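**Student:** Here are the chains, one letter per residue:
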Amino acid sequence: MKIWLRQNLWRHLIGISICLFSLFPLYLVVISSFNSSGSLQLTSFIPTEISFSNYKMLFSDPTIPYLTWVKNSLIIAGAVAVLSVAIGSASAFAFSRLQFKGRKLGIQLLLLVQMFPAILAISAVYVIMERVYKFAPEIGLGTQSGLLLVYLGGAMGVNIWLLKGFVDSIPAELDEAAKIDGASSVQTFWLIFVPLASPVLAVVALLSFIGTFNEFILARLFLVDMESRTVAVGLQQFIGGQYSENWGPFAAGSILASIPIVIIFLSLQKYIVSGLTAGSVKG
Amino acid sequence: MNFLIRGRVALVLKIVIVSLLSAILLMLTQSAFAQREYVIAAYLAISVLILALTYLTKISIPLKFFIPGILLLTAFVIGPILYTVGMSGFNYKTGNIISKTEAIELIKAEGTEASPDGIAFDLALGRIGSEQAILVSDVTNLKYFVSTGKTRTEVNPADVTLNEYGVAIAAPNFTSLDDSELSGADKSYSEIKFKYDGDFFIALEGLETGIVSQQVLKYEATNDQFVNLVDGTLYKDNGRGNYASVNDESTILEPGWRAPIWFENYSKIFTDPRVREPLVRVFLWTITFALLTVITTFALGLLLALALNKPIRGRRIYRSILVLPYAMPSVMSILIWGGMFNTEFGAINTLFGTDIAWFSDPNFARTAVILVNLWLGFPYFYLISSGSLQAIPSELQEAAAIDGANPRQIFRKITLPLLMQILSPLLIASFAFNFNNFNLIYLLTGGGPRNNLDGEIAGATDILISYTYKIAFGSETQDLGLASAISLIIFVLVASISLYSLRKSKVLESFA
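Chain order of the listed sequences is A and B. Convert by adding 1400 to the 1-based position in the first sequence; the result is the number in my numbering. Convert by adding 1 to the 1-based position in the second sequence; the result is the number in my numbering.
Calculated directly from the structure, the hints in this document are not laboratory data. Relax, there's no trap hidden among the hints.
Below, a sample of chain A positions facing chain B; criterion: calculated Cβ distance under 10 Å:
no. : residue
1   : Cys1419
2   : Val1525
3   : Ala1555
Facing chain B, from chain A, some residues (calculated, C-beta under 7 Å):
no. : residue
4   : Ser1491
5   : Leu1520
6   : Ala1524
7   : Lys1534
8   : Phe1613
9   : Val1662
Here the structure is a predicted model, which is why all the values come from computation and not from measurement. The beta carbon of each residue, even a glycine, is placed where N, CA and C say it ideally should be.
Whenever a hint applies, use it, and build me the whole structure from the sequences.
**Tutor:** Below you can see the structure in the form of structure tokens.
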């Protein structure tokens, strides 16, 4: 018993205290979401009332198209995840496995380009999409498809880089064998590489899904219509006004939107961590 | 699956997809061209060409893999970067946004002044034929005339119809506007300079009055200069996007235009104290913020990793709870923390029984920023340090223990150095990421608190990127030229940090 205390007590003490630190804000959101007063106050640690009015408000108030926001976020983030991995893995495969002139230069350029802080190119992107709107209103400023294109372009650099790290770690013997058997590069990619790398591709897709889901500035700049907003932009307006802070629906909406992401994250934790070490940045 | 990749079906599929895509892009090219967006049109046209060449011929196999990525990168990353580089060489800010031709037109339009004797007339709006015209009544002298932008025709007083105030409302050949036309007429009529006398013209003031005015600023296209017709001052292009008085350089005509000033935005950063001082302050805080974040998150993460490095009871539960802050969408958690730091209602003040105005005091605001970032970031370092701890071969520690080292010595002399070697690229990468952690600052403090009185836009918690964002998209003045120049400097800084880290992590070796 004594040895146990000496060896393990401090571990539990640290574990418990930091767990409290990480849980505190989350706990606060949960109790606020069940509190009808709309404040984020900490009146007591044990909730005094359990009210579902905030949740009901999200689904029944016609001025709050919450479900549409969630749908928008899922569609945009999902499309970015799938498309950027599809396009990015092709480039990553080529960088990693094909020999061609200018390969080194290409990698260095890509590395450089993906370091440009995206926020700083916003004004340029804005001007470009404003011009596109003039001749193609379907994909210009203010549309979800336009935002999708911008996200795709922005995700390209990081994703190719991240995926290249993964591809490099996959042993090349298999696709060399395929090559010897007479497969072309395109066939090797589709028939050998994609099935082999699919868990890794899924993780990168998930990371870009979360990254896109978290994106705020571009989404707010681009999506002006109430109906076309994403969850983050839509919910932010509850607390954005200086005098009209209404934390109840914000808390309820954030919890509902976060649950699926948290669950996916926790269940794929192991793979995500290896992904993070390879690319080393969370979006 | 195989039939989709080789054989006839695959070929047909490929041709269909490529032609569909090309058709859409061609359509866009055409409409872009029609709207005179030549750069975009050229980009689209070249895309079509490359797409067709790559996928329908055997010109290059790697290109087949690269083309979609390259096209997207060019349009939405490289294009904007080049545009930013371009903007950084221009005097491109509030007051100097439009092109020179537009600016000249605006100066001409605004360069008028009421005549010194202040004559005003009652008038009626209408048309002669299809031309916009006004029927002017000089009520004191009982004279009437019809005036258009080019001509002025006297009307015999006997021919006009007067209303109860003695203002002419109808005259021969003059069709007055009906009520529905009147409501939309304001803008188009107020732009016209109706002929009066010599250099004088009548400018509309509302729908029923006109003021005799004169053009004060006259543009002389041959010398590219404006002349003030009243006092004779000359305004010449000062080469920086404005017409400035020849006598006094600081007197300029508004608006200006975006003019190339080459490296001035860059030199301003180093020489102009009004730009340099806030920037140095923000830069120092950016470094402090990024360093403190890396140190605190790594320290807490490592502590946890060490504490939970043994298979103690409940380790899985701890682990799941500890990664929650990392798994939550960060936009949401940052906003929630913002609410928790509220002075009056915030949970932090309630919890500790304090009454701190977190976001009004620079030091408290900075503490809050670091604390929130600690919450957001420590799980990352916990996860990767516990992974790395397991990667360190236990033989080393056992050997040291046999040699008589105590646990503390083992940690300091063996585990930590090895760990640092594994993690240093990630620490540097985390530094680079936090150097540009825009979301945190923007959503938590908005860069504040700032001293509003002295017109300073840099706040106490502003980091370079949020400060630059404010310079470019601020509420009062927007200086896109300067913001672009600072952006590129940040880019160079972050790129050098990251390149250094990559060199260290030896990724670059694999390039060869």
